[in-house]
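Colleague: Taking the hints into account, I'd like the entire structure generated from these sequences.
Residue numbers are given in UniProt numbering: position 95 of the sequence shown equals residue 95, and the series is strictly consecutive.
One or more of the hints may lead you astray.
[Unchecked claim] Here are the computed lysine-lysine pairs in the DSS-like style, where the Cα-Cα straight-line distance is at most 30 Å:
(1) K147 x K96
(2) K39 x K64
(3) K96 x K64
Read the hints as simulated data drawn from the structure, not as lab findings.
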Amino acid sequence: MDVNCTLIECKDRKDVSRTLFNLLILDAPSPSNFPTYIKALQRRHVRHLVRVCGLTYDATQLEKNGIDVHSWPFDDGAAPPKSVLENWFQLLDKEKERLLSGASTQPASIAIHCVAGLGRAPILVAVALVEYGGMEPLDAITLVREKRRGAINQTQMQWLAKYKGRSAAGGGSSGGCTVM
Numbered sequence: 001m002d003v004n005c006t007l008i009e010c011k012d013r014k015d016v017s018r019t020l021f022n023l024l025i026l027d028a029p030s031p032s033n034f035p036t037y038i039k040a041l042q043r044r045h046v047r048h049l050v051r052v053c054g055l056t057y058d059a060t061q062l063e064k065n066g067i068d069v070h071s072w073p074f075d076d077g078a079a080p081p082k083s084v085l086e087n088w089f090q091l092l093d094k095e096k097e098r099l100l101s102g103a104s105t106q107p108a109s110i111a112i113h114c115v116a117g118l119g120r121a122p123i124l125v126a127v128a129l130v131e132y133g134g135m136e137p138l139d140a141i142t143l144v145r146e147k148r149r150g151a152i153n154q155t156q157m158q159w160l161a162k163y164k165g166r167s168a169a170g171g172g173s174s175g176g177c178t179v180m
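Modeller: This is how it looks when you write it as structure tokens:
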């Protein structure tokens, strides 16, 4: 039994040969696939797992295997609240800085999951494509949906279509993102 995941690789806009970080969209682990889930994350060199749904498992085993778990739940079908976006951008900014400063030689792999991997996790990846990849919101949604069928509902799509981003306030970052 393998884990269903979608990889989105974010490249540095100034140097497309450099990957800033890898984002993996997943569904939530179940008790029956939890050991396989951990192995799949390790194979992909995941350093962070972002859980945007309610607690359904104990993160201790993940943390024992070197994977930091971040729990930022928000309502199913909804757009991410400001607090979740702030945490998400803080994590991405930290990992980007680690790579660009030379503190890390490999881009961080960050896994994001909700229950089915179709709403909350993909919308965070799409907003990262907008913020770090400089993509237009609807292009980011299209890109995510091409790789993850059924991802991002109408409410989330409308929110992202209106999203102004940090760059509108001078806080944006560079990076081009590619779906692998």
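Colleague: Just pull the numbers of the violated hints for me, sorted ascending.
Modeller: none
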